[in-house]
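If you read the protein sequences in the order shown, they are chains U and G. Heads up: the first sequence begins at 1 in full-length UniProt numbering, then just goes up one per residue. Heads up: the second sequence begins at 1 in full-length UniProt numbering, then just goes up one per residue.
Everything labelled a hint here was simulated from the structure, so no lab data went into it. Among the hints, a few may not be true.
Unchecked claim - As a list, the in silico SDA-like pairs of lysine to any residue whose alpha-carbon atoms are at most 25 Å apart:
#1 G/K143 x U/R212
#2 G/K228 x G/E32
#3 G/K120 x U/R125
#4 G/K253 x G/H209
#5 G/K145 x U/M210
#6 G/K92 x U/Q114
#7 G/K92 x U/H131
#8 U/K154 x U/T82
#9 G/K120 x U/L134
#10 G/K253 x G/E237
#11 G/K143 x U/K154
#12 G/K120 x G/S152
#13 G/K252 x G/E237
#14 G/K145 x U/H131
#15 U/K154 x U/T144
#16 G/K129 x G/W194
#17 G/K228 x G/H215
#18 G/K145 x U/R212
#19 G/K145 x U/L214
#20 G/K129 x U/A128
#21 G/K143 x U/R209
#22 G/K145 x U/I110
#23 G/K145 x U/L206
#24 G/K228 x G/Q244
#25 G/K252 x G/D219
#26 U/K154 x U/L93
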Amino acid sequence: MTQWSGYFGLILQGALVTIELTLMGSVLALIMAFLAGLGRLSRFFAIRALATTYIEFFRGTSIFVQLFWAYFVLPFVGISLTPLQAGVLALGLNVGAYAAEVVRGAIQSIGREQYEACTAVNLGRWQAMRHVILPQALLVMLPTFGNNAIELLKATAVVSLISLTDLTFQAQVVRSQTGNTLVPFTTILVIYFGLALIISWGVRSLERRMARGLDGVRV
Amino acid sequence: MSAPIIKIDAISKSFGTFKVLDGLSMQVMPREKLALIGPSGSGKTTILRILMTLERIDSGHIQIDGEQLYHMERNGQLLPADERHLARMRQKIGMVFQLFNLFPHKSVIDNVTLAPILTKGMPRAAAEKRAMELLDMVGMADKAKAMPAQLSGGQKQRVAIARALALQPRIMLFDEVTSALDPELVEEVLNVLWRLCSETDMTMLLVTHEMGFAHDFADRVLFFDRGKIVEEGKPDEIFRNPKQERTQAFLKKIIAAGHRV
Numbered sequence: 001m002t003q004w005s006g007y008f009g010l011i012l013q014g015a016l017v018t019i020e021l022t023l024m025g026s027v028l029a030l031i032m033a034f035l036a037g038l039g040r041l042s043r044f045f046a047i048r049a050l051a052t053t054y055i056e057f058f059r060g061t062s063i064f065v066q067l068f069w070a071y072f073v074l075p076f077v078g079i080s081l082t083p084l085q086a087g088v089l090a091l092g093l094n095v096g097a098y099a100a101e102v103v104r105g106a107i108q109s110i111g112r113e114q115y116e117a118c119t120a121v122n123l124g125r126w127q128a129m130r131h132v133i134l135p136q137a138l139l140v141m142l143p144t145f146g147n148n149a150i151e152l153l154k155a156t157a158v159v160s161l162i163s164l165t166d167l168t169f170q171a172q173v174v175r176s177q178t179g180n181t182l183v184p185f186t187t188i189l190v191i192y193f194g195l196a197l198i199i200s201w202g203v204r205s206l207e208r209r210m211a212r213g214l215d216g217v218r219v
Numbered sequence: 001m002s003a004p005i006i007k008i009d010a011i012s013k014s015f016g017t018f019k020v021l022d023g024l025s026m027q028v029m030p031r032e033k034l035a036l037i038g039p040s041g042s043g044k045t046t047i048l049r050i051l052m053t054l055e056r057i058d059s060g061h062i063q064i065d066g067e068q069l070y071h072m073e074r075n076g077q078l079l080p081a082d083e084r085h086l087a088r089m090r091q092k093i094g095m096v097f098q099l100f101n102l103f104p105h106k107s108v109i110d111n112v113t114l115a116p117i118l119t120k121g122m123p124r125a126a127a128e129k130r131a132m133e134l135l136d137m138v139g140m141a142d143k144a145k146a147m148p149a150q151l152s153g154g155q156k157q158r159v160a161i162a163r164a165l166a167l168q169p170r171i172m173l174f175d176e177v178t179s180a181l182d183p184e185l186v187e188e189v190l191n192v193l194w195r196l197c198s199e200t201d202m203t204m205l206l207v208t209h210e211m212g213f214a215h216d217f218a219d220r221v222l223f224f225d226r227g228k229i230v231e232e233g234k235p236d237e238i239f240r241n242p243k244q245e246r247t248q249a250f251l252k253k254i255i256a257a258g259h260r261v
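If we strip away everything but chain U, and leave its shape as in the complex, we get:
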């Protein structure tokens, strides 16, 4: 029994790494999503092209390859990343590319009449975006952002391949040391599921809070 509690300790440490990766990856993904999502709506061709290239490239290539590239190839051009840095970078850029399209779609879903009201009260482009369009678009983005965050959580498992001691990595350790497959993998299955539940619950309550007073009635 004492033996098992030691192994659970290992898995809990792995859970902390997974949580850390998910949080840091989500922050990077969120930043990239807004940069690229707004970039795709830019007036300037160069910015639109850059944003589109980023989105298509990171959606169109495998996250495994992106991770290996960040960890194994970047050192050749003089950039050496720790496994954690490489993991956050690959996860954030990958999920950010998907979320960028969510940002763009949500902004475009806000009706023309809101833009016209902004013009009529003489708000500048950025003021209108910041104070009128984005606050409304954010509510549209939230449910899909929740999906993206759960995808990111699950994708963190790939970092075990670059020797980062996350949940999946620790489960492998426990399995190789005890020979037991059922217990470690069932345990991390439950933990992943629990973490995903926390994310969906968090996003839902955020959504409820932001939707207060907005009834979707014509205004």
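Assemble the complex: chain U is given as a structure, and chain G must be docked to it using the hints.
This is chain G only, laid out in the frame that chain U set:
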């Protein structure tokens, strides 16, 4: 006789192959109250939208208060206006929309204070004090903290009017502001327009199907059809004794549809 505050000179505007405005010219004097009437698609709403810079013109010139709206004078040359010029010109103009277009995520008072704080750098306290005065004038002071979704159509429209007034425009454009309202809510909005009409010296352009109100409100009525002004004159002349066949036909149709004149 002072100079016109709005001078529209031979403007044309097409949407695709549909020519909405066709070489239209007109002038509006300061403090004048104008009613624009006519069948839908006649171009009356497009004029307001062009004045608010929501649509661009294909050709022609517009002067607001002696200054070009869509052009800038640089070294004696007329260049297309840039965003900064447009922003400066927009300060003179306010608009109220048929569908209110309030900001749904902001409370009533925040709808009114947002633009003065952002575009005029007004301190929040001063902006709120002014907003409360305006909300009081439109009878909405007790709803200052409410969200737009909690209001009736007539209440929303009164807030929208306060929002436009908060920027102290010299010209106010009203685009069918009662058309989306239930009949019993029309009057509360028209009452506010009455107060503005009699208590302020703003120039007001009103696109409306409320012929009775247009008659009482306007100094001058313009009848539009197919992108041109077919007939204009004092309300009594236009409504009681229209000279053009098309004006007569239009008014007949409107009366048949149950609008009072």
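For a C-alpha distance cap of 25 Å, please report whether U/K154 and U/L93 respect it. holds (15 Å)
Is G/K145 within 25 Å of U/L214, Cα to Cα? holds (14 Å)
25 Å limit on alpha-carbon distance, applied to hinted pair G/K228 and G/E32: Holds, at about 20 Å.
For a C-alpha distance cap of 25 Å, please report whether G/K253 and G/E237 respect it. Holds, at roughly 18 Å.
25 Å Cα cutoff - pair G/K92, U/Q114: holds (20 Å)
Is G/K145 close enough to U/I110, meaning Cα to Cα at most 25 Å? Cα-Cα ~24 Å, so holds.
Holds or violated: U/K154 to U/T82, with C-alpha atoms at most 25 Å apart: holds (21 Å)
Take a quick look at whether G/K129 and U/A128 sit within 25 Å of each other, Cα to Cα. Given pair G/K129, U/A128 holds - Cα atoms ~23 Å apart, limit 25 Å.
Could you grab the alpha-carbon distance between G/K120 and G/S152 and see if it respects the 25 Å cut-off? Status violated; Cα separation ~30 Å.
Does G/D219 lie within 25 Å of G/K252 when you go C-alpha to C-alpha? holds (22 Å)
Is G/K228 within 25 Å of G/Q244, Cα to Cα? OK: G/K228 and G/Q244 at ~13 Å, within 25 Å.
Take the C-alpha atoms of U/K154 and U/T144, compute the straight-line distance between them, and say whether it is at most 25 Å. Roughly 15 Å between the alpha carbons, so the hint for U/K154 and U/T144 holds.
The structure does not agree with the numbered hints 11, 12 stated previously, though it agrees with the rest.
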